[in-house]
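Chemist: All chains, full assembly: derive it from the sequences and hints.
2 protein chains.
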Amino acid sequence: MNEFPIERAKQLKPKPDPKTLVFGHNFTDYMFLMNYDAGQGWHDGRIVPYGPLQLDPSTMVFHYAQEVFEGMKAYRRPDGGVQLFRPMDNVRRLNDSCERLCIPALPEDVALDAIKALVKVEEDWVPSEPGTSLYIRPFIIATDASLGVHASHSYLFCVICCPVGAYYKEGINPVRIYVENEDVRAVRGGTGYTKCGGNYAASIRAGERAEGQGYAQVLWLDGVERKYIEEVGSMNVMFKVDGKVITPKLTGSVLPGITRRSCLELMRHWGMDVEERLITAQELFDAAKAGKLEEAWGTGTAAVVSPVGEMGWNDEHAVINGGAIGALTQKLYDTLTGIQWGTLEDPYGWTVRV
Amino acid sequence: MNEFPIERAKQLKPKPDPKTLVFGHNFTDYMFLMNYDAGQGWHDGRIVPYGPLQLDPSTMVFHYAQEVFEGMKAYRRPDGGVQLFRPMDNVRRLNDSCERLCIPALPEDVALDAIKALVKVEEDWVPSEPGTSLYIRPFIIATDASLGVHASHSYLFCVICCPVGAYYKEGINPVRIYVENEDVRAVRGGTGYTKCGGNYAASIRAGERAEGQGYAQVLWLDGVERKYIEEVGSMNVMFKVDGKVITPKLTGSVLPGITRRSCLELMRHWGMDVEERLITAQELFDAAKAGKLEEAWGTGTAAVVSPVGEMGWNDEHAVINGGAIGALTQKLYDTLTGIQWGTLEDPYGWTVRV
Chain H
1 MNEFPIERAK
11 QLKPKPDPKT
21 LVFGHNFTDY
31 MFLMNYDAGQ
41 GWHDGRIVPY
51 GPLQLDPSTM
61 VFHYAQEVFE
71 GMKAYRRPDG
81 GVQLFRPMDN
91 VRRLNDSCER
101 LCIPALPEDV
111 ALDAIKALVK
121 VEEDWVPSEP
131 GTSLYIRPFI
141 IATDASLGVH
151 ASHSYLFCVI
161 CCPVGAYYKE
171 GINPVRIYVE
181 NEDVRAVRGG
191 TGYTKCGGNY
201 AASIRAGERA
211 EGQGYAQVLW
221 LDGVERKYIE
231 EVGSMNVMFK
241 VDGKVITPKL
251 TGSVLPGITR
261 RSCLELMRHW
271 GMDVEERLIT
281 AQELFDAAKA
291 GKLEEAWGTG
301 TAAVVSPVGE
311 MGWNDEHAVI
321 NGGAIGALTQ
331 KLYDTLTGIQ
341 WGTLEDPYGW
351 TVRV
Chain X
1 MNEFPIERAK
11 QLKPKPDPKT
21 LVFGHNFTDY
31 MFLMNYDAGQ
41 GWHDGRIVPY
51 GPLQLDPSTM
61 VFHYAQEVFE
71 GMKAYRRPDG
81 GVQLFRPMDN
91 VRRLNDSCER
101 LCIPALPEDV
111 ALDAIKALVK
121 VEEDWVPSEP
131 GTSLYIRPFI
141 IATDASLGVH
151 ASHSYLFCVI
161 CCPVGAYYKE
171 GINPVRIYVE
181 NEDVRAVRGG
191 TGYTKCGGNY
201 AASIRAGERA
211 EGQGYAQVLW
221 LDGVERKYIE
231 EVGSMNVMFK
241 VDGKVITPKL
251 TGSVLPGITR
261 RSCLELMRHW
271 GMDVEERLIT
281 AQELFDAAKA
291 GKLEEAWGTG
301 TAAVVSPVGE
311 MGWNDEHAVI
321 NGGAIGALTQ
331 KLYDTLTGIQ
341 WGTLEDPYGW
351 TVRV
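Top to bottom, those sequences are chains H and X. The C-terminal position of the first sequence is numbered 354 in the working numbering, with every residue numbered one higher than the one before it. The C-terminal position of the second sequence is numbered 354 in the working numbering, with every residue numbered one higher than the one before it.
Honestly, the hints are just simulated from the structure, not real lab data. Among the hints, a few may not be true.
Which copy is meant is left open, because identical chains are indistinguishable; a pair holds if it fits in one copy or across any two.
In silico EDC-like links for lysine to aspartate or glutamate, alpha-carbon gap of 20 Å or less [claimed, not checked]: (1) K15 - D56; (2) K289 - D242; (3) K10 - D124; (4) K10 - D56; (5) K10 - D29; (6) K13 - D56; (7) K15 - D113; (8) K292 - D109; (9) K289 - D89; (10) K292 - E225; (11) K227 - E316; (12) K15 - E123; (13) K292 - D242.
Modeler: Here it is as structure tokens:
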């Protein structure tokens with residue numbers, strides 16, 4: 001286990017009320033920082049009081065968005081312990097993002113130990129109310145203070161945390177989603193399979209537009225043929241059609257979600273027929289018309305599983321399972337959250353105690 | 001003309017030697033800042049001493065790359081005056097980028113006056129050696145200090161400047177470029193027509209790879225069919241084939257360059273046959289083989305015009321005009337730089353005195 005120096009904060013913040021937490025607003029007392037400099041590699045991993053970054057206005061991240069991030073959670077177990085869910089998968093995906101964005105890879109063990117060490121220091125910030133957790137945001141930004149488009153020679157790896165409330169405060173309510181015909185989130189050969197800032201920047205307009213029309217999320221189409229569905233908002237998406245589960249395959253423009261992978265592994269473990277393949281929007285609306293679109297749900301770290309109750313596309317509308325959560329969606333949610341919070345056994349070795 | 005308060009610097013920096021300037025490294029004494037807050041709009045435009053930005057680590061620009069920028073120059077005229085080149089075109093394009101990235105538009109007159117006011121304050125920084133200029137970088141970053149993918153409610157508009165040396169110190173040497181088959185820079189429906197950070201982040205890997213193989217720039221193919229050429233590095237690209245000039249049309253994934261537009265307008269003014277259309281890489285290599293690819297050049301603010309002497313694509317190689325700059329490329333360069341630096345008359349109303 002790598003050890004990191006800790007600079008103690010002069011004063012700790014009061015903990016916010018876990019019942020009224022808003023996602024991504026209340027940050028903890030400390031953060032993890034580590035620098036990269038060409039010729040020196042990643043160095044000086046350290047835990048310091050949470051506080052502002054001071055950056056020259058010419059810093060590359062402000063201009064060319066050479067930046068990647070991850071999202072994960074620490075969960076409070078019934079026995080009072082704290083655990084992470086498949087954290088090495090996040091570290092590996094962060095490095096996959098780095099490779100595409102021309103950012104030097106993090107040593108995997110250092111990155112994992114950094115996350116564990118920070119969560120350990122912030123253990124009191126992991127809430128224990130049902131459905132709450134400590135959200136962890138590792139990210140890397142290019143810090144060269146000069147203009148000119150090239151790979152930066154210096155970077156900052158930073159990990160921040162914030163306690164987050166239950167995603168479903170009033171029970172799991174299925175959402176309405178909308179097939180986006182105009183804006184494209186990603187294309188094969190681009191950065192779609194990474195968690196880089198540019199993917200999210202490109203997605204904002206369509207998301208705001210959908211929200212303005214009463215939809216919770218956008219269902220993205222592929223950028224080449226504009227007919228295959230890819231993701232829903234910033235989640236992966238799955239469908240149960242005529243007894244079989246289908247989900248878009250990882251073509252390079254789809255994020256390889258860790259919740260996605262976990263759902264697929266669970267269902268295969270349950271002996272279900274699961275297919276990763278190209279899926280057209282037309283196929284889904286046809287299945288809905290034929291009464292065969294039984295369930296639909298998004299998967300992601302924030303919601304775990306988010307049932308879809310209705311899909312819109314041009315003038316077509318499809319209501320799924322009468323707008324209610326389906327049995328499989330519910331089973332996936334119960335199983336995954338059970339393993340994550342430690343109320344169910346973890347036969348897969350997915351959880352890591354801190 | 002909008003007026004802005006100026007906070008004076010305690011000490012001014014020594015000016016760097018204009019003969020050894022490196023692009024994008026030496027910033028001037030002041031910068032322009034203006035804030036946006038929801039409900040309040042853009043407010044508090046001001047000129048302040050150049051210095052670091054202090055931002056919470058959760059600030060949106062670090063995570064979701066909601067950021068756009070522009071690039072332009074101030075030129076020292078032979079009569080000692082300073083002028084800008086089509087600055088309103090940059091302001092309008094910045095707002096086009098804003099629209100796609102869901103950033104509130106800048107009032108055009110305020111943005112233009114901000115740039116003029118800053119250049120006025122920094123007039124002594126505009127170098128006068130041949131080919132030198134003051135590079136101006138306006139940019140906008142999302143400043144909400146919270147996670148969650150949505151349009152930020154607050155932004156910072158910032159303008160910084162740096163004197164830059166002559167792009168061609170030892171005469172104009174044509175460059176070698178390479179057709180990129182794997183990575184894609186942009187796709188229709190995405191953000192390719194904007195100057196947002198994500199486009200540049202996506203382009204870095206291929207650029208570094210090309211450089212490692214002895215090429216100066218990547219020639220990008222379209223993201224859909226992977227056969228139409230789009231841009232070269234971060235420049236637009238033009239070709240003279242059998243007496244006719246062709247350039248990729250603006251399909252949504254190509255940046256509408258201001259130097260591109262100026263070249264097209266000049267050539268049409270000269271009575272030349274100029275076509276904006278889809279161009280396959282195959283067509284160019286076929287033309288080269290038939291001895292009809294007469295000239296090729298990139299266009300952009302930094303280089304103005306950058307002649308291409310050789311193109312590589314898989315195992316094919318095409319040498320253009322014996323690797324030397326062509327007559328038309330040279331004429332465009334001479335005319336544009338003449339107008340920009342004020343050594344030629346500006347019959348088009350492109351220049352704006354500061």
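Chemist: At most 20 Å between C-alpha atoms: does K13 with D56 qualify within a copy, between copies, both, or neither?
Modeler: between (28 Å within a copy, 16 Å between copies)
Chemist: Is the C-alpha distance from K292 to E225 at most 20 Å within one copy, between copies, in both cases, or in neither?
Modeler: neither (25 Å within a copy, 34 Å between copies)
Chemist: Which holds for K10 with D29 at a C-alpha limit of 20 Å: within a copy, between copies, both or neither?
Modeler: Intra 10 Å, inter 35 Å, cutoff 20 Å: intra-copy only.
Chemist: What label fits K227 with E316 when the C-alpha limit is 20 Å: within, between, both, or neither?
Modeler: Only inside one copy: K227 and E316 sit 15 Å apart there, 34 Å across copies, limit 20 Å.
Chemist: Under a CA distance limit of 20 Å, which applies to K15 and D56: within one copy, between copies, both, or neither?
Modeler: Close across copies (19 Å), not inside one copy (32 Å); limit 20 Å.
Chemist: Pop the pair K10 and D56 into one bin, within, between, both or neither, using alpha-carbon distances up to 20 Å.
Modeler: This pair counts as between: shortest inter-copy Cα distance 18 Å, intra-copy 27 Å.
Chemist: Regarding K289 and D89, is the shortest C-alpha distance of 20 Å or less found within a copy, between copies, in both, or in neither?
Modeler: neither (38 Å within a copy, 50 Å between copies)
Chemist: Indicate which option fits the pair K292, D242 if close means a Cα-Cα distance not exceeding 20 Å: within, between, both or neither.
Modeler: within (5 Å within a copy, 59 Å between copies)
Chemist: Please sort K292 with D109 into within, between, both or neither, judging by C-alpha distance up to 20 Å.
Modeler: neither (46 Å within a copy, 57 Å between copies)
Chemist: If the cutoff is 20 Å on CA atoms, where do K15 and D113 land: within, between, both or neither? Let me know, please.
Modeler: neither (25 Å within a copy, 46 Å between copies)
Chemist: Have a look at K15 and E123 and pick one of within, between, both or neither, based on CA distance no larger than 20 Å.
Modeler: within (12 Å within a copy, 51 Å between copies)
Chemist: Between the shortest in-copy and the shortest cross-copy C-alpha distance, which are at most 20 Å for K10 and D124: within, between, both, or neither?
Modeler: Within one copy only: 17 Å inside a chain, 46 Å across chains, cut-off 20 Å.
In summary, the numbered hints that this structure violates are 7, 8, 9, 10.
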